[in-house]
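S.K.: Residue strings, one per chain:
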Amino acid sequence: MKTSWISALSAAALLAISSCGPLNTKNATAGVVRGIVQSGMPGDSTAAAVVEAPPALTRAYIDAQDTNLLRVSIIDREATGLIFAVGRNGEKVTWNSPDGLSFVLEGGFLVGTRGLGDDVMGSDVSGARSALRSGGSYLRTIDFLNGLSQIERSVYQCEMEETRTDELTIVEKTYATTILEETCTGENHSFKNTYWRGVDGIVWQSRQWISAGVGYLGYQRL
Amino acid sequence: MFELDRIKGISGAFCAVIAATPAAADDDWRANYTLYGTPGIIDMPSAVAPADGEIATTVAVFGDTQRVTFTFQVLPRVSGSFRYSLIDTYDRSFDLQYQVTDEGQYMPAISVGVRDFIGTGRYSSEYLVATKTLGPNVRVTGGLGWGRLGSLDGFTNPLGIIDERFETRPDDSINTGGTVLSGQFFRGDAALFGGVEWRLNDDWTILAEYSSDIYERETALIGFERESPLNFGVKWQPNDSYQLGGYYMYGTDIGFAATILIDPKTASFPSGLEPAPMPVGVRAEGIAAAATWDNPQVETASVEALGAILAADGIRLYGAEVVGTTLRVRYENDRYRAEAQGVGRVSRILTQVAPTNVDTFILEPTQNGIPTSAVTIRRGDLEALENEPNAAALSYGRATFADAAGSAPSVGWEDPTPAFLWGIAPYLELSLFDGDEPVRGDVGLEATFQYELRPNVVLAGAYRYRVAGNRDEVGSISESVLPDVRRTSLRYGAESGSGIENLFMSWYGRPGQNLYSRASIGYFERSFGGVSGELLWKPVDSRLALGAEMNYTLLRDYDLGLGFRPACSGTGCNSFVGDDYDVVTGHLSAYYDFDNGFQGQVDVGRYLAGDWGATFSLDREFENGWKVGAYFTLTDVPFDDFGEGSFDKGIRIEIPSDWLYGTPTRDTAATSLSSLERDGGARLRIDGRLYDVVEGGHRGQMEENWGRFWR
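Protein chains in written order, with the working numbering: chain D, 1 to 222; chain Z, 1 to 711.
Bound-form chain D, shown alone:
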């Protein structure tokens, strides 16, 4: 073997340097090296964090914004931040984070996400929306993308029930709410969502399941 220990070491050092130039992203080897290096690091790119909320969120700050705001957290990723209403299509509102995550809510129910790695591509929540008024049982569907880039539809048998009332305070404002719990059982996954419903039917706060790969979303309307 001509390859000395030192030259092997320098080779490793070479691979560790990052590539440069506008074409570097097209280099497959560099990509592979980056992938290997990154996969060994704690807190890798999976934890695409939503933007940090300002340290002290005040009602004055919220009122100064020209769009509606939600405070969200992706609970398993310990990521919290603010998202902004950026589009409306009928009853569905699209909320985006500044770093490119997107959440779609329909009457307070999550019907879509984008950018989380295991996204909700669509969801039928018509049964859940009527049950929000007074409880009941119904079917709910969620469309996911599977590993083969195919849409896979999951069907869940769900039950919604009112549990108790709660005085909910969100940044200097207090709402009288009723807490509803939704229990859904599917072939592969089961989940339990919670909704704080105001007197006017608005969901002020909620904890909802997104997907197996992401876990739960928590949000508050600001």
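Certain hints may be false.
[Claimed, not checked] Simulated restraints, written as ranges between beta carbons of each label pair:
id	chain 1	residue 1	chain 2	residue 2	range
1	D	G201	Z	A308	37 to 47 Å
2	D	G201	Z	L421	53 to 63 Å
3	D	S130	Z	A312	52 to 62 Å
[Claimed, not checked] Derived, one-sided and incomplete: chain Z residues facing chain D with beta-carbon distance under 7 Å:
id	residue
4	S151
5	G154
6	P158
7	A267
8	F269
9	P270
10	S271
11	L273
12	A276
13	P279
14	E285
15	E388
16	A392
17	F622
18	N705
19	R708
[Claimed, not checked] Beyond 12 Å from chain D on every Cβ pair, some chain Z residues (computed):
id	residue
20	V78
21	E216
22	K265
Rather than coming from a laboratory, the hints here were simulated on the basis of the structure.
These numbers were taken from a predicted model, which means no experiment stands behind them.
We treat Cβ as the ideally placed atom computed from N, Cα and C, and that holds for glycine.
Once you've looked at the hints, dock chain Z against the given chain D.
M.R.: Below, chain Z without anything else, positioned relative to chain D:
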């Protein structure tokens, strides 16, 4: 003398694959992999079929025997394996196993297999095997083996009842190996084998077997001692990504095996980590777009804005125009592997920018500067289906696909990206399983550039500088009557350590409806430079494509400079006399995209050594971009002249980078495990052949990936 069986490419990708493969929950008792890297117990096969699509790479050692095996579950019932082993010498082998029946309540699973059925046949054997699960944690296997598996206490072949000729096993292999040994299948003495797998818990399994292989060859040639037919082992499988085994073999030796399992069908980030697309602009909710583009200033400003928004999403606008109530755009998606995802993202952006009087969009995705299809989407459908349940299937049903051979839309967009781009990046080149040196590798720096004269006319090149490695230690070159078009390929850049990998200009075109063309000139690969032309016929929704290619090329100098050279001759291939070697090659090709995810290709024509013949290839293409395939080439070069391996054949894998990392990219990591690289049946290697350029934009792949339309 065995030499050079190479894995050329990026084995490092496999490390990343391991890291990327998630541990999916699975209650089924999965296949256990043997020291042969195939489904079974320890050394003996079982009738268990691994999960469809599973790829298992096994490294196994016991005594002086070493085996590296790659097994792919080609179809739910068919397993195929490629193995590189050290017995008394390095040897390659291929296996096939077919599961005849599934396990029933009373019936066992039954499989039939052929081991080392192509080549020199050192592991040559056939078997019929049955496996039955008894209770939740015990699996019992029994079988009847021929060849090596009939070598311990063999009895007269029961198939002799059918025909007496089954009773003797002829030696069917030829000197150069590499041919199918069908003449000896299921011939000669047979013997019984069997074993038990006992699962202690989810992680641990105890294995025991009775082996009917007497290890005659190893005993005679490498001093293997075999005292017992019984083997024992313990297997640890803490998750679905790997298995580790320790064994006590044949009463004398300790053995170890490690198996890495990859399931191409699952991904760590199935929907990808790319940022969210733009929300659909709904006219009824109010959008910022102009009412019409009738005013040229409004039109120019709008196209300018559209180009900038698309560019931010990795999409390059070539042009746009409104005719009546239809907006047509032509663009190139440089970011998303699935063209359907590009179509979806461009459509969403159009809903925000298109004048409100437009109700139909025609999207023309291009690759290498030429349009591949025209997808028509109604604006109202985008507004109605955004975020709806089942939106992907509904929107696919309402889209139409057509050819896009016409001229570009009238209002162009000036891309601010400079025409000249460059980059420097480290490279890693490995060549594995060489007879003299199992691993050869180089690391160094690669400088690349591209200069775009027009979107469809590009000059590009790559120069490599080796920093460290042992690829300069070229082994002996065997003699041959053929010109050394591939045999001496390890010599390229070996001494100089650096040189021009490629440097050529390509011009792509659309000569007519359903027709695509390419003309290239320059240094295409390490060994050849010259001119190349190609024509492809492929209607947008056709499963069949036909192509023709013609090349005139010269053999390059080993120093990877600009010069050419004559073919070598003489012992060691060190004599160079006569004119530079030049050759006209060409192929007629047929491509067919089968309904079940398989892609077949036949190329008939003339190869680099001047030989005539045909290449047959079959790939399984997963919808997420994974490809696993095999190919072989038969030409008029006699097997004796071809040398070791008799004819060119191999397997290949392509892994999409977005599957690995979750981030959007059109890159892939590809590797092929070819048989010995010899001079017969060798084709010019040139990047950017038309079928690969065009296929992604056509209806077949669009449909497969339409789930990403709304992503």
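S.K.: Sort out which numbered hints this structure fails and list those numbers smallest first.
M.R.: Of the numbered hints, 3, 4, 5, 6 and 22 do not hold.
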